[in-house]
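There are 4 protein chains.
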Amino acid sequence: MENQKEETEKNGHFYQNSCHTDLAVEMKEEVEQKQELTGVEVSTKKHAYHGITETRIRIVDERGEAALGKPVGNYVTLEVEKLYRDSVQKRIARIICDVIAQLSQGAQNILVAGLGNRSVTPDAIGPKVMEHLQITRHLFECGYVKSDALNMKVVSAIAPGVMAQTGMETVEILRGIIEKTHPQAVIVVDALAARSSNRLNRTIQLCDTGISPGAGVGNNRQKMNEETLGVKVVAIGVPTVIAVPTIISDAMQQLLLLLGADHAGKLVEELSYEEQYQLAEELVKPYFTDMFVTPKNIDEEILMMSQCIAQGINAYINI
Amino acid sequence: MENQKEETEKNGHFYQNSCHTDLAVEMKEEVEQKQELTGVEVSTKKHAYHGITETRIRIVDERGEAALGKPVGNYVTLEVEKLYRDSVQKRIARIICDVIAQLSQGAQNILVAGLGNRSVTPDAIGPKVMEHLQITRHLFECGYVKSDALNMKVVSAIAPGVMAQTGMETVEILRGIIEKTHPQAVIVVDALAARSSNRLNRTIQLCDTGISPGAGVGNNRQKMNEETLGVKVVAIGVPTVIAVPTIISDAMQQLLLLLGADHAGKLVEELSYEEQYQLAEELVKPYFTDMFVTPKNIDEEILMMSQCIAQGINAYINI
Amino acid sequence: MENQKEETEKNGHFYQNSCHTDLAVEMKEEVEQKQELTGVEVSTKKHAYHGITETRIRIVDERGEAALGKPVGNYVTLEVEKLYRDSVQKRIARIICDVIAQLSQGAQNILVAGLGNRSVTPDAIGPKVMEHLQITRHLFECGYVKSDALNMKVVSAIAPGVMAQTGMETVEILRGIIEKTHPQAVIVVDALAARSSNRLNRTIQLCDTGISPGAGVGNNRQKMNEETLGVKVVAIGVPTVIAVPTIISDAMQQLLLLLGADHAGKLVEELSYEEQYQLAEELVKPYFTDMFVTPKNIDEEILMMSQCIAQGINAYINI
Amino acid sequence: MENQKEETEKNGHFYQNSCHTDLAVEMKEEVEQKQELTGVEVSTKKHAYHGITETRIRIVDERGEAALGKPVGNYVTLEVEKLYRDSVQKRIARIICDVIAQLSQGAQNILVAGLGNRSVTPDAIGPKVMEHLQITRHLFECGYVKSDALNMKVVSAIAPGVMAQTGMETVEILRGIIEKTHPQAVIVVDALAARSSNRLNRTIQLCDTGISPGAGVGNNRQKMNEETLGVKVVAIGVPTVIAVPTIISDAMQQLLLLLGADHAGKLVEELSYEEQYQLAEELVKPYFTDMFVTPKNIDEEILMMSQCIAQGINAYINI
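Chains as they are written, first to last, in the working numbering: chain A, 2 to 320; chain U, 2 to 320; chain R, 2 to 320; chain S, 2 to 320.
If we strip away everything but chain A, and leave its shape as in the complex, we get (with noise of 0.2 angstroms):
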């Protein structure tokens, strides 16, 4: 899972990404309502038949980088109403090809890495869409398939697990591997942190910039982006997680309000939100930092969702 508190170090200082999210666009709305946004392209797009909402935000320089917290590229988000529907995963399938040969600038070689524990269901999910992919780099390295006989590009995959079950970073491992097989491009694959959660399992993000992966504490967490890993990094997302203060911070400003625009409320009320953050922070301290919410039937939802994806990987493959 990446790290709920995404820190990007630019020009010497921390900008810190104050809406403890890993989804751009649910840091845009949170911008958006106190200021005007600068620095930042947004379109959106709806597939109403499909009930799907494309969202492409592109951060243009600095002060877009300031504002939403990440670095410069391209951040596409998917959001659907219900993945249920074959029709609608076969859409969506499709759009992920797209934007990944977009956002890889149509690498013909790439390496998919499924990042997470395997074992703890909500973060599964990278592991699970290898489960899922057409792999096809051994079929032209062993002479099986010729590179201009056929349509269809080269791929390996790794899941190298958590550092807790492997002692390394998994930036290190991914290093080294992409310096033996040469990839054009990386594509890895993580559950995120969201901020709401009803957009848990029904968004898929996609982006051109990298990932922090981070398992709570993960100060020392290393980035996976062009500059760490040597190659074009695209990396795909699905928020399944909620971090514990957010969900009390939301609670309590909701207790605010009810609790009206008296003496006392005004204390809390004033605090901006990260000060709302830190407080909700400190009222769970020590022992909620290593823990997370996530939906009872997270199990079907992670299904559903690497499938999903590996078709959309899939179809990139064979255009």
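None of these hints come from the bench; they were simulated from the model. Treat the hints loosely; a few may be bogus.
No copy labels: a pair is met if it fits in one copy or bridges any two.
As the list claims (entries may be wrong) - In the BS3-like style, the derived pairs of lysine-lysine whose C-alpha atoms are separated by at most 27 angstroms in a straight line are:
# : residue 1 : residue 2
1 : K91       : K47
2 : K233      : K147
3 : K224      : K297
4 : K297      : K35
5 : K233      : K181
6 : K181      : K224
7 : K147      : K297
8 : K224      : K147
9 : K83       : K47
As the structure is a computational prediction, the values presented were derived from the model and not from experiment.
Keeping the supplied structure of chain A fixed, place chains U, R and S upon it in accordance with the hints.
The following block gives chains U, R and S in isolation, referenced to the frame of chain A:
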């Protein structure tokens, strides 16, 4: 997982388990803060060397039932500081063995039911226990083992899955199997909901009053006890999750302490615990009722706990 | 997995399935080489575009029973060249749906039993099918769905595990559940043993005469059919393994052909198929009776087949 | 799984492992029947109480290499009668610990590579071992543990999957990871092919010459040894399958004994073992080359074996 809002019907009225925990020991702590405990016998024993606390709660009459929101019967809770040492696991297994012997009144023919959803990590403890059990019934039935030749009990087991997977009430499935295979007692193993995070995956509760498995909404979930199953029931539960309203209600309480004795706060401060919980539920509705909080390393802890419980049951089989 | 030495008791005597296959279509081929087939009706249909062969065998009387070693009833076999194309899977699912409708006589309330051991890959097809099923019974029972409002059947499911895991005969478990939940028909899904390797994971057999699950020794394995379960039974089987004596007996036959018409070889050449099989069994005893032969990529094939069968059952649920 | 037709290139020529086993101890037995063994030192030790036989084979020069078809180095084989007793598992774990210490020359920083396909039961032993390992490297790297403060080794681990899942040679993946994380030694754990069924899941082989993982075809499978990985390699293997031609060739031999000294049989009887094996291969081609033979209770045996090996590695980590 157990339903966190357990209700027990008795004499035509419902008395509510106001603590939103499946653990008798947490109920007891909660109640003791407010009133004297009557109708309940409590004894505590420390296994100092192994860091295990064993609390035996006996609810002897209706006053005890009303106070703790649980039916008359025996509740044994084992709390452990660190489960990781081999010698601690052995000691716990030994205690589990003894408690099963006591609560099942020495049943010689048992069915173990591993409840829960094996595909959702914190709910998989029941099915996981089944993987490590020594199954013997078919050896007796096929004549490979003579009942008098060996000091071994007759053991069968089933992991029926949850209602979303089977479409059936677990109690229907178990009742059907019991009528065909005639065990003297059923040991049900299930994941529970706790109130405090430091009890998660560190506590084992054994009782002879059965359980009410639940998937959140749970109002028509059927109890599994001697009355509904027709044979003695020993329930073994491990708290692996916390309900979302529980942690919010806790955070709220702390927030109000922080806000101090001002007028606005007063409104909420004066609410009873139960009213606070209902307020917390309101605040998180409708999104969080089917969600739970669980630690990130839940896979390791479930593995450890399930092996330990299986060892305890296996020890009972061979005494 | 089915027991490969299937015996059917009839009128006080056992007639032996001399072909050591669970597939009616392989029995038919075997028998046709030696004698005219009486008491059996066969029709074959080619779905040329999708590369599917559909063979319908109807055993109409005792002569057919004796010839094919299987009870009176209907056996539909689907053989597919390549399962990997999406359109082929859809076509098969459609046929499965139609055959279930026919063999279950349009049952509106069904229990699906996914037999086999989920921890042994070639035996996991039953439990795997269950993962992809649409379960509805609890929706009707809880009142979420009105039976007349929707064109949807009542479906429940169970993957009981094998006798080494449960200590119980699967037929005991199913009978108990059926008596409590009252389905009109049971669909049992199980792995089968085939005779020829090119039918492995390429064939689906549906029949209305039930099955005899088995773990090799199998002499006291209980049949699952309308008589023992008390409701209609539709058995869906996929051959995923071959018995060790089968492949040895085949190799022997070829070896003897190779040795030619000399005196020594004659001895063996003159043996009937059944005698050859017994000889093969002798040769591999005592070590290989509890072993089976299976392909190395069995995981991929089981995944594909189980999804396809689940699609077929789901289609039936919604017609 | 290891490729059953292991070839070792040496001085420009291939010498064939004519026994079609991955076990040095089976090679030795085979060869001893025909010729005196030179260039090989053998010592055997019985742990009578625990029913464990420990055979140490040292191939000291090219004569030994040619005789046993394996490179110069040390091969320790543990054979156990019954693995089920706790005390036997402990004893084996202890021996494994000692042998690792010897073969790795006391490496303080190790990478454990659990080879094989976790989705195919008999091939899952490598990944299963990884589930029970104590991983420590990240604790040192993050500064939680000081290297001098604790008597604990630096351990990392990876279960890379097989080529059909990754599209990459396992040796490429491991080499990349080793170059980034700098272990002093690699412990590779893999499933092997045995020759005789009574060694399946009852034998553990440890050697310092690496292994050649394979998926049947195997001719371009790359070896994993000190030369290709750049660090010391300790290979731990458990035979979990038998190749199909192996059992057929055995059955053939017995059939011919049975047929007696007649002319026809002579033809085959006069074939060398290797020629017989090739004949067996011909007979089963083309269908059985990608198949294997494995016992029906393989899940239980893999679980037991993997726990036992993990215990052994964990013991080494803590000495």
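Against the structure, the hints come out as follows:
| no. | hint | result |
| --- | --- | --- |
| 1 | K91 - K47 | within (16 angstroms within a copy, 29 angstroms between copies) |
| 2 | K233 - K147 | within (25 angstroms within a copy, 36 angstroms between copies) |
| 3 | K224 - K297 | between (30 angstroms within a copy, 20 angstroms between copies) |
| 4 | K297 - K35 | neither (34 angstroms within a copy, 33 angstroms between copies) |
| 5 | K233 - K181 | both (16 angstroms within a copy, 20 angstroms between copies) |
| 6 | K181 - K224 | both (20 angstroms within a copy, 16 angstroms between copies) |
| 7 | K147 - K297 | between (46 angstroms within a copy, 25 angstroms between copies) |
| 8 | K224 - K147 | between (35 angstroms within a copy, 25 angstroms between copies) |
| 9 | K83 - K47 | within (14 angstroms within a copy, 38 angstroms between copies) |
Against the hints set out earlier in the document, a violation occurs for number 4 only.
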